[in-house]
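Dock chain B against the given chain A, drawing on the hints supplied.
Line by line, the protein sequences give chains A and B.
According to numbering that gives the first Met the number 0, the first sequence is numbered sequentially starting from 0.
According to numbering that gives the first Met the number 0, the second sequence is numbered sequentially starting from 0.
Errors might be hidden in some of the hints.
Lysine-lysine pairs mimicking BS3-like chemistry, simulated, CA-CA at most 30 Å apart [unchecked claim]:
| hint | chain 1 | residue 1 | chain 2 | residue 2 |
| --- | --- | --- | --- | --- |
| 1 | A | K154 | B | K269 |
| 2 | A | K269 | B | K269 |
| 3 | B | K396 | A | K446 |
| 4 | A | K256 | B | K269 |
| 5 | A | K195 | B | K446 |
| 6 | A | K195 | A | K7 |
| 7 | B | K195 | A | K129 |
| 8 | B | K256 | A | K159 |
| 9 | B | K154 | A | K269 |
| 10 | A | K195 | B | K451 |
| 11 | A | K269 | B | K451 |
Beyond 10 Å from chain A on every Cβ pair, some chain B residues (computed) [said to hold, decoys possible]:
| hint | residue |
| --- | --- |
| 12 | L26 |
| 13 | G70 |
| 14 | E261 |
| 15 | P268 |
| 16 | D281 |
| 17 | T286 |
| 18 | I346 |
| 19 | E354 |
| 20 | T365 |
| 21 | R382 |
| 22 | K396 |
| 23 | V493 |
| 24 | S495 |
To be clear, the hints were calculated from the coordinates, so they are not data collected in a lab.
Yeah, the Cβ is synthetic: ideal placement off N, Cα and C, and Gly gets one too.
2 protein chains.
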Amino acid sequence: MQVRFSLKAGITFSGPIGPEAKNALELAVKEANGQLFVKGVPKGVPAGEVGRISWWETEGNLLSLAIESGGYTRAHDALFRFRKHVAQALGKHHLGLREISVGEFSVTLPAGVPETAIPRIPFIQKVERKPDGVILDLAVTTQDLENRVPDRIVKLIEEKAEAISYGGKTEHWELMYESPKHERPYTGNPTEEMEKRHWIRHGSSRGQWIYGPQPIQLFRAFTSIVEEEIIRPLGFAEMIFPKLDTWDVLSRSGHAKGVYPEIYYVCTPKTRDPGFWEDVADYFKVTGEVPVGMLRDRIDGPIGALCYAQCPSFWPFVQGRTVANASLPVKVFDRSGTSHRYESGGIHGIERVDEFHRIEIVWFGTVDQTVKMAEELHRAYTRVFNELLELEWRCAKVTPWFMAQEGMVGACGCETVGTTDYEAILPYSGTWLEFQNVSVNGDKYPKGFNVKIQSGEECWSGCSGIGLERWTAAFLAQKGFDPAGWPAAVANRVGSLNEVFRFL
Amino acid sequence: MQVRFSLKAGITFSGPIGPEAKNALELAVKEANGQLFVKGVPKGVPAGEVGRISWWETEGNLLSLAIESGGYTRAHDALFRFRKHVAQALGKHHLGLREISVGEFSVTLPAGVPETAIPRIPFIQKVERKPDGVILDLAVTTQDLENRVPDRIVKLIEEKAEAISYGGKTEHWELMYESPKHERPYTGNPTEEMEKRHWIRHGSSRGQWIYGPQPIQLFRAFTSIVEEEIIRPLGFAEMIFPKLDTWDVLSRSGHAKGVYPEIYYVCTPKTRDPGFWEDVADYFKVTGEVPVGMLRDRIDGPIGALCYAQCPSFWPFVQGRTVANASLPVKVFDRSGTSHRYESGGIHGIERVDEFHRIEIVWFGTVDQTVKMAEELHRAYTRVFNELLELEWRCAKVTPWFMAQEGMVGACGCETVGTTDYEAILPYSGTWLEFQNVSVNGDKYPKGFNVKIQSGEECWSGCSGIGLERWTAAFLAQKGFDPAGWPAAVANRVGSLNEVFRFL
Chain A
0 MQVRFSLKAG ITFSGPIGPE AKNALELAVK EANGQLFVKG VPKGVPAGEV
50 GRISWWETEG NLLSLAIESG GYTRAHDALF RFRKHVAQAL GKHHLGLREI
100 SVGEFSVTLP AGVPETAIPR IPFIQKVERK PDGVILDLAV TTQDLENRVP
150 DRIVKLIEEK AEAISYGGKT EHWELMYESP KHERPYTGNP TEEMEKRHWI
200 RHGSSRGQWI YGPQPIQLFR AFTSIVEEEI IRPLGFAEMI FPKLDTWDVL
250 SRSGHAKGVY PEIYYVCTPK TRDPGFWEDV ADYFKVTGEV PVGMLRDRID
300 GPIGALCYAQ CPSFWPFVQG RTVANASLPV KVFDRSGTSH RYESGGIHGI
350 ERVDEFHRIE IVWFGTVDQT VKMAEELHRA YTRVFNELLE LEWRCAKVTP
400 WFMAQEGMVG ACGCETVGTT DYEAILPYSG TWLEFQNVSV NGDKYPKGFN
450 VKIQSGEECW SGCSGIGLER WTAAFLAQKG FDPAGWPAAV ANRVGSLNEV
500 FRFL
Chain B
0 MQVRFSLKAG ITFSGPIGPE AKNALELAVK EANGQLFVKG VPKGVPAGEV
50 GRISWWETEG NLLSLAIESG GYTRAHDALF RFRKHVAQAL GKHHLGLREI
100 SVGEFSVTLP AGVPETAIPR IPFIQKVERK PDGVILDLAV TTQDLENRVP
150 DRIVKLIEEK AEAISYGGKT EHWELMYESP KHERPYTGNP TEEMEKRHWI
200 RHGSSRGQWI YGPQPIQLFR AFTSIVEEEI IRPLGFAEMI FPKLDTWDVL
250 SRSGHAKGVY PEIYYVCTPK TRDPGFWEDV ADYFKVTGEV PVGMLRDRID
300 GPIGALCYAQ CPSFWPFVQG RTVANASLPV KVFDRSGTSH RYESGGIHGI
350 ERVDEFHRIE IVWFGTVDQT VKMAEELHRA YTRVFNELLE LEWRCAKVTP
400 WFMAQEGMVG ACGCETVGTT DYEAILPYSG TWLEFQNVSV NGDKYPKGFN
450 VKIQSGEECW SGCSGIGLER WTAAFLAQKG FDPAGWPAAV ANRVGSLNEV
500 FRFL
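Only chain A is shown next, with the shape it has when bound in the complex (with noise of 0.2 Å):
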């Protein structure tokens, strides 16, 4: 997107700008203009897209300017580098630079950028419409432009561009395989069929359900499988991942860039002190119902989510660190807990619950070993799905959402980064279900955590979730209840189940 930038800013010095200080400004903007600002931009950009200083003034102690670009050195970054370079010009005439405040800034946009892509993005005070372009007015600090507020901006309409131009098509879905088909002794519904045998019940939360023993066989049968199969052949050691993912998890993970309306957020107490809680504690033990009211008013945050994809909450135990070549490829996993995701209202099964268990699959490495590790994982899957739970599925290669989000997929152009969605069909419905994928991630992670590889290579990250639940839906909506219909990997794990409990 063609872009232009246009700002204009006060410089205050330490003592009033005299005859000689202001020929020496003179100077410094000239050399600005012909060799500071023109540092590292590419031959053959037009003079007109480097920033320029257009025109400046001096009263008393303050210097003012005005700085105009295109797409290279842009007005704010002229501005800063104009800072460091005038700073040492007046310091020789005894001036020192105490403050810079910015008076004005304007970004123009072409003239075909949709109206909808520019909505109440935080700064910009006044939009306006004219022929040759639209002009922003942005309200902006020193310390919003060093932190390159314009940019952010800018990049954010062009994706928002991008997607009303893609009309809401985020996921790029590529059939890869398809498995040989099976007979369907079943089609039921598993969830109906485990409540009515007790096998399971709902939580008092939504989309939650409590387990009893017999899924439970289930989900062991199958982490067993995982680790016989995948997990210990291919060499990966069990760490355990956090549960709660704080802002700053998932403001590097990416996630912080969209996840909002899919996650469960929390909050702390203000304080422990218990006489600050006693009335509502009071108001409980009175009424017999938690004052919600009351306890907003209480609570700090919100500080962060519960774990939502499981793989982020890993990176801070690599952050800001260089691995060693005789690491990699990093190979580990976590099954230490639930993952939440807010979902839609109504009545679902277990194939789409609010909390859910998964085994999380991560690595990382040279982009070779990623890439690799990601087609070892696929064979591993294939023999498993085929040859140990003789389940009907298929594979395809999607785009994820967080990197539609980011539009990351459309920067890197690379074929190998993206996700395998594993999708198994439910007889009582027809339907498919993704209940397992494989993604490659690219630098994504590594980049946002600032992990390092020895070698000095690109490091990339990949990662797979193993959701129990979605197997176990998947499994049972296919081969049914009857035990003695089961793939003997899978019988003979469970065993005879074990009935608990018998209610009259």
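Positioned in the frame of chain A, the structure of chain B alone reads:
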């Protein structure tokens, strides 16, 4: 506590109360005072202690009346008994009972109740101290009376007065067993050593650690000992208990009486509509900061808390059900996720964390079955700590906080209800760490969740939490980091330590 209740109420009928109806009313009041209110009152209770209509009059459709009582057939209970009685009596005169409104309601407590026992308790609109008692004027509706608000207020004030008289001592500690002494080959702080070795690293949230492969080898060694020596021989079956506890669960479990300063609160998005969240996402994309203030306005709840005590969320599985004798005692456990406590700030190691991993064991049945299982567990733990982990430990009987909070122990007086805490010495600090417990909780949970057993006998339950961080903290503090010095039961299970990560 000797208490008196006094109320004035109006009962509205569907038409004017004529002379004949008034005669019927006179009889009804006489019957109420003479028989209805006396029903169920133990012999020997002075007449003045029992509810009594002390005054009444009619005007048009309205019957006004005053009721006084001591602790038997309390004024509000008398009112509701009379409602039914008078509705029948005047029904014969074609007058239907339309509405009851409470005019005044006061509670008189003994003069000795300390002032601080009556803080900002809801419903109390005036407190008057007289030589012969403290009079509380309550602002209550008929609904509040049906909800037994006056009784709950009296109980609450009794508890507070009792707590004041105990001077805040809520835990009784009594040594039960002390293990043999062991050599102390190591005197370091295991957390510091593990950090140095890159075995663990602080997570991004407070009191949160990320565990690398080596401590997980220890966690899994302990898990396998627990499985092989305790869970399997004693016949416990694995389940999955939810890890988000709604207020309903925490109300029934009793935690809503006082857990507020120590929990992590969970809130939900007001909507999943991405448009509602677009400006939040935009703010992040433009500034790189998550706008916590904007989020606060867009979330609902708190709907509950992150798992705190682990066993409460099991109980909805059996809530409202009657369990067959053949299933008793029910023996289950959960190890499906994290527990979270908002601990005091400052520097702590893995022995005191906000996010931790626990195997939670739960059982219930008759009183005998429940107490016997606690004893069996105690024997199994004793064997494991002495013979397999070779720890220096002790155990003590303590009154758990929630029972103290609810005055349960005083009420029950049973020797067998209570908690046994297991403590291990930490040589580096010379302090004892509580690393394990076994609790017999009496009828608290079965009652709270309305669980019955086939025989109709009283149902009791117990629970025991095995904290993997605390086992690890105790073990490493006593045994150190050289596996050659570890007991064989642990060393063999750990095998060689898995050095996945080498950093430059």
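Check each numbered hint against the structure and report the violated ones by number, ascending.
The structure breaks hints 3, 6, 7, 8, 11, 14, 15, 16, 17 and 19; every other hint is satisfied.
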